[in-house]
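Take the given structure of chain V and dock chain R to it, following the hints.
Just so you know, the sequences run in chain order V and R. As numbered in our numbering, residues 166 to 379 make up the first sequence, in order. As numbered in our numbering, residues 166 to 379 make up the second sequence, in order.
Accuracy of the hints is not assured; some may be wrong.
Heads up, the list lumps identical chains together, so a pair's fine if it works in one copy or across two of them.
Straight-line alpha carbon distances no greater than 20 angstroms define the calculated EDC-like cross-link-like pairs of lysine to aspartate or glutamate that follow [what the hints assert, rightly or not]:
1) 167 / 255
2) 320 / 255
3) 355 / 379
4) 167 / 204
5) 374 / 192
6) 355 / 315
The hints are simulated quantities; they were obtained by calculation from the structure and are not laboratory data.
Letter by letter, the chains look like this.
2 protein chains.
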Amino acid sequence: MKLYSYFRSSASFRVRIALNLKGLPYDYASVHLVRNGGEQLAPAYRAIHPDGLVPALEDEGQLLQQSLAIIEYLDETHPQPPLLPAAPADRAYVRSLALQVACDIHPLNNLRVLKYLTGTLGVSDEAKQQWYRHWVTAGFASMEARLAGDGRSGKFCCGDQPTLADLCLVPQVWNAQRFDIALDAYPTIKRIHDHAMTMDAFALAAPGKQPDAE
Amino acid sequence: MKLYSYFRSSASFRVRIALNLKGLPYDYASVHLVRNGGEQLAPAYRAIHPDGLVPALEDEGQLLQQSLAIIEYLDETHPQPPLLPAAPADRAYVRSLALQVACDIHPLNNLRVLKYLTGTLGVSDEAKQQWYRHWVTAGFASMEARLAGDGRSGKFCCGDQPTLADLCLVPQVWNAQRFDIALDAYPTIKRIHDHAMTMDAFALAAPGKQPDAE
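Just chain V, same shape as in the assembly (with noise of 0.2 angstroms):
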């Protein structure tokens, strides 16, 4: 397998953490969303990717892009560990946690919104950081609630094995950090997060470890 990915991108992130959750090992290929005015946007990787997103997995033949559905490509065709719960409700909740972070804040903050905030839209570096801010923090606090009024929450979102929902918080609770947000007010996520990072599938899929990290 190999995967196309940018260190700081958590899409890629959230791919990196299953792969090596399920212990598969990969090639990885360097693509850097702002050197060289964005290797995303050169020919070379719209030939893989037309649209320059990252991540995308190649795998015997078939090029897959949109982080949720490698993961779920990687769960389906290698079952172990099972990144879903087997309830068809608890596997709803895991994914709408999943959905959360996927559609609701982080669509609103990677890099090209941004770039059309601050450049089409002429928004100020200040108004940019706030807008961040606003769909991290509301997008928190309503999965702060449901975390810690859930009795299925464990040490992580859903019991006490990772899952897609764990997958998608952790990258974003980094990201978070990068935006010097605070977790204090998110307790349940913060433990979640920390509790994952000691463990080597997480940890060694974070950005700093990776082989284009600066």
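Using the frame of chain V, we list chain R on its own:
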């Protein structure tokens, strides 16, 4: 089952199509996102969905949120007709198309985000419309290229039966038309949309057919 829905919400529209395709009867609970200062923000609905987002599905005492998680749940609990193909790589393809709508287009253009742009950031109505078009046309251009170039395209996004991808694409087309975005540049998307709308499951899920339609 009880679906908390707003006629114009495209995430609600996705779930309504799934319920119709599965032949599942449900109670329609309208949550009007504009009237009364936004019924989704009132305590009655906050007790159902603390974030005040639609849709939410109540089934057997469970309250489910996030449209894609709800649809996967319906597909697992009521497998016929299936909303995902059988092979893992095809499932990943369908999910990635669905996520292109659900992560790369829709979150940038929903009501709370447009409100932040015009309210907090003081963006003009014209610039807001441009923002809307920018993300829709970028996303549709990418999806059109994938659909036009992939041998799996049929009457629907993947083959001749509707999948999760169509359930996301069709409501996004409805939204685009509402914002006067021409579909000429996206002939495959238009063809799939037009075919889908000949089916009762899609047509009867459309905003104009809902009890709270205006």
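Outcome of the hint check:
no.	hint	verdict
1	167 / 255	between (31 angstroms within a copy, 19 angstroms between copies)
2	320 / 255	within (16 angstroms within a copy, 33 angstroms between copies)
3	355 / 379	neither (25 angstroms within a copy, 44 angstroms between copies)
4	167 / 204	within (17 angstroms within a copy, 47 angstroms between copies)
5	374 / 192	within (14 angstroms within a copy, 50 angstroms between copies)
6	355 / 315	within (16 angstroms within a copy, 43 angstroms between copies)
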